[in-house]
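**Student:** Letter by letter, the chains look like this.
There are 4 protein chains.
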Amino acid sequence: MSVASQMLDTYPKDLGGVDREKLRACIEACYECAQACTACADACLSEDQVAELTKCIRTNLDCADQCETTGKVLSRHTGYDANLTRAVLQACVQACKACADECDAHASEHGHCHVCAEACRRCERACQDLIDSL
Amino acid sequence: MSVASQMLDTYPKDLGGVDREKLRACIEACYECAQACTACADACLSEDQVAELTKCIRTNLDCADQCETTGKVLSRHTGYDANLTRAVLQACVQACKACADECDAHASEHGHCHVCAEACRRCERACQDLIDSL
Amino acid sequence: MSVASQMLDTYPKDLGGVDREKLRACIEACYECAQACTACADACLSEDQVAELTKCIRTNLDCADQCETTGKVLSRHTGYDANLTRAVLQACVQACKACADECDAHASEHGHCHVCAEACRRCERACQDLIDSL
Amino acid sequence: MSVASQMLDTYPKDLGGVDREKLRACIEACYECAQACTACADACLSEDQVAELTKCIRTNLDCADQCETTGKVLSRHTGYDANLTRAVLQACVQACKACADECDAHASEHGHCHVCAEACRRCERACQDLIDSL
Numbered sequence: 000m001s002v003a004s005q006m007l008d009t010y011p012k013d014l015g016g017v018d019r020e021k022l023r024a025c026i027e028a029c030y031e032c033a034q035a036c037t038a039c040a041d042a043c044l045s046e047d048q049v050a051e052l053t054k055c056i057r058t059n060l061d062c063a064d065q066c067e068t069t070g071k072v073l074s075r076h077t078g079y080d081a082n083l084t085r086a087v088l089q090a091c092v093q094a095c096k097a098c099a100d101e102c103d104a105h106a107s108e109h110g111h112c113h114v115c116a117e118a119c120r121r122c123e124r125a126c127q128d129l130i131d132s133l
Numbered sequence: 000m001s002v003a004s005q006m007l008d009t010y011p012k013d014l015g016g017v018d019r020e021k022l023r024a025c026i027e028a029c030y031e032c033a034q035a036c037t038a039c040a041d042a043c044l045s046e047d048q049v050a051e052l053t054k055c056i057r058t059n060l061d062c063a064d065q066c067e068t069t070g071k072v073l074s075r076h077t078g079y080d081a082n083l084t085r086a087v088l089q090a091c092v093q094a095c096k097a098c099a100d101e102c103d104a105h106a107s108e109h110g111h112c113h114v115c116a117e118a119c120r121r122c123e124r125a126c127q128d129l130i131d132s133l
Numbered sequence: 000m001s002v003a004s005q006m007l008d009t010y011p012k013d014l015g016g017v018d019r020e021k022l023r024a025c026i027e028a029c030y031e032c033a034q035a036c037t038a039c040a041d042a043c044l045s046e047d048q049v050a051e052l053t054k055c056i057r058t059n060l061d062c063a064d065q066c067e068t069t070g071k072v073l074s075r076h077t078g079y080d081a082n083l084t085r086a087v088l089q090a091c092v093q094a095c096k097a098c099a100d101e102c103d104a105h106a107s108e109h110g111h112c113h114v115c116a117e118a119c120r121r122c123e124r125a126c127q128d129l130i131d132s133l
Numbered sequence: 000m001s002v003a004s005q006m007l008d009t010y011p012k013d014l015g016g017v018d019r020e021k022l023r024a025c026i027e028a029c030y031e032c033a034q035a036c037t038a039c040a041d042a043c044l045s046e047d048q049v050a051e052l053t054k055c056i057r058t059n060l061d062c063a064d065q066c067e068t069t070g071k072v073l074s075r076h077t078g079y080d081a082n083l084t085r086a087v088l089q090a091c092v093q094a095c096k097a098c099a100d101e102c103d104a105h106a107s108e109h110g111h112c113h114v115c116a117e118a119c120r121r122c123e124r125a126c127q128d129l130i131d132s133l
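Residue numbers (numbering that gives the first Met the number 0), protein chains in the order written: chain G, 0 to 133; chain Z, 0 to 133; chain C, 0 to 133; chain B, 0 to 133.
One or more hints might be untrue.
Stated by the list, open to error - Straight-line C-alpha distance at most 35 Å; calculated DSBU-like pairs for lysine-lysine:
#1 Z:Lys54 with G:Lys12
#2 Z:Lys54 with Z:Lys12
#3 Z:Lys12 with B:Lys54
#4 G:Lys96 with Z:Lys21
#5 C:Lys54 with B:Lys96
#6 C:Lys21 with B:Lys12
#7 Z:Lys21 with B:Lys96
#8 G:Lys54 with B:Lys96
#9 Z:Lys96 with C:Lys54
#10 G:Lys54 with C:Lys54
#11 B:Lys12 with C:Lys96
#12 G:Lys21 with C:Lys96
#13 C:Lys21 with B:Lys96
#14 C:Lys12 with G:Lys12
#15 C:Lys54 with G:Lys21
#16 C:Lys54 with B:Lys12
Just so you know, these hints were derived from the structure itself, not from any lab.
Computed from a predicted structure; not experimentally measured.
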């Protein structure tokens, strides 16, 4: 069982009406995507064609930042605020979509963009699933 | 002239149609609010009535995280994506509003909540002003 | 294979003399520990005895922040700087040790502190192993 | 009076033996440097010679991350841990020094690297001053 799952199990109060499984999946997807985007930005920096990848690097950095924030907000349950959670998730959907689209455009040439695009799509779906269940 | 302002002045390409003054104000408000919320969460932790401030602490932490992310996204201009910028700003407006409301409820008792609520309101307005100008 | 591992495999240049397996383990431990500490701070906030857990919450927050930074620094390989990597890892060892010690003191009463202390110990060891191999 | 200064003034307990003025200066320098490094990484991305600036971008990103973490750790006073504070400050000194050196090498060609190098030097000195006073 993952640490994120164990942390949900040991939270001392009720998690509210949230879908625990969708929440766990979304937390894990956010942290995974944050790491992938950070690494993809750096891998793009080390490509010989870095000059053609500057928009990809920038989108990677934005997506890493928003995924980190979303992963942290979702890891907190005290004083839950549905409007705040929804707004943060929507920003994350947008960031993941933008980054997945950008990485997909280079996925056939750069393996890191392929791996990163998949992580972004998983995170986008996990955020959307969680929004739909709120 | 602030460092954020100098960094805007030395950006090597065109900033696009963005309102430079609103952008600068918003970047500075995000970093200021992120610091204030981090400090307010900690100040609440040190209050004797911490048990009554747990929702405030949680909202402070969420707001600090979203403001940091927004401040970073706004500090980047390469490959600008209006949809992503707008979604991140909207999440920040929501986080600042939630935190300002929460801190305002304790502002008469706790000086740090008063200072933090004002920083959140400034950041909320700066983000909304920037959204309106996009 | 984890996404962090796939990102290392698709990095386009040489990773230098680094021990790839220790690096992967350390990146994953940093992100896992960052999430656990964020969740543990929040779980402590929701305990009835929150007033006795304020130092634990503060140490959780510091450890989460330093683990995030360390996880990001280790996810970058372009223009590697051994002195910077070592200093960041040493700060992470210190943060993880402080947080593990603090959480261990409450581990028998609070399941989240038990899970978090273990994540901190794993991360402390992974950082120390990587330092020793540099 | 800055918001960081107001937050220190409204902290409800004793700040311990810390030099309040050095602490305030260091908190402000960390946030300022984090912003400058984030913006400098992006400005480098938009330079025609981006291929020659990849190490600079990477160091900017590391420095931004470590400065953010240091600024947050210093904004907390509850349950102060001198060893943790010192280790985080030392990592920040190292990150600022590396980034200032890297940016200085391009300061005559790129105005953003000049502004960023100065922000890094100020932050390096503020962190070292605070370490010396602990």
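**Student:** Run the distance test for Lys12 (chain C) versus Lys12 (chain G): straight-line Cα separation, threshold 35 Å.
**Tutor:** Answer violated: Lys12 (chain C) to Lys12 (chain G) is near 48 Å, above 35 Å.
**Student:** With a cut-off of 35 Å on the C-alpha distance, tell me whether Lys21 (chain G) and Lys96 (chain C) pass.
**Tutor:** holds (32 Å)
**Student:** Checking one constraint from the list: CA of Lys54 (chain Z) to CA of Lys12 (chain G), max 35 Å. Satisfied?
**Tutor:** holds (14 Å)
**Student:** Is it true that the CA of Lys54 (chain G) sits at most 35 Å from the CA of Lys54 (chain C)?
**Tutor:** With a Cα-Cα distance of about 42 Å, the restraint between Lys54 (chain G) and Lys54 (chain C) is violated, given a limit of 35 Å.
**Student:** For the pair supplied as a hint, Lys54 (chain C) and Lys12 (chain B), confirm whether the alpha-carbon distance does not exceed 35 Å.
**Tutor:** holds (14 Å)
**Student:** With a cut-off of 35 Å on the C-alpha distance, tell me whether Lys54 (chain Z) and Lys12 (chain Z) pass.
**Tutor:** violated (43 Å)
**Student:** Measure nothing beyond the straight line between the CA atoms of Lys54 (chain C) and Lys21 (chain G); if it is 35 Å or shorter, mark the hint as holding.
**Tutor:** It holds: about 31 Å lies between the C-alpha atoms, which stays within 35 Å.
**Student:** Has the given pair, Lys12 (chain Z) with Lys54 (chain B), been kept, meaning a C-alpha gap of at most 35 Å?
**Tutor:** holds (21 Å)
**Student:** Holds or violated: are the alpha carbons of Lys96 (chain Z) and Lys54 (chain C) at most 35 Å from each other?
**Tutor:** holds (28 Å)
**Student:** Is Lys12 (chain B) close enough to Lys96 (chain C), meaning Cα to Cα at most 35 Å?
**Tutor:** At roughly 26 Å apart (the allowed maximum being 35 Å), Lys96 (chain C) and Lys12 (chain B) satisfy the hint.
**Student:** Take the C-alpha atoms of Lys54 (chain G) and Lys96 (chain B), compute the straight-line distance between them, and say whether it is at most 35 Å.
**Tutor:** Status holds; Cα separation ~28 Å.
**Student:** Against the 35 Å threshold, does the CA-CA distance of Lys54 (chain C) and Lys96 (chain B) hold or violate the hint?
**Tutor:** holds (31 Å)
Hint violations for this structure: numbers 2, 6, 10, 14, all remaining hints satisfied.
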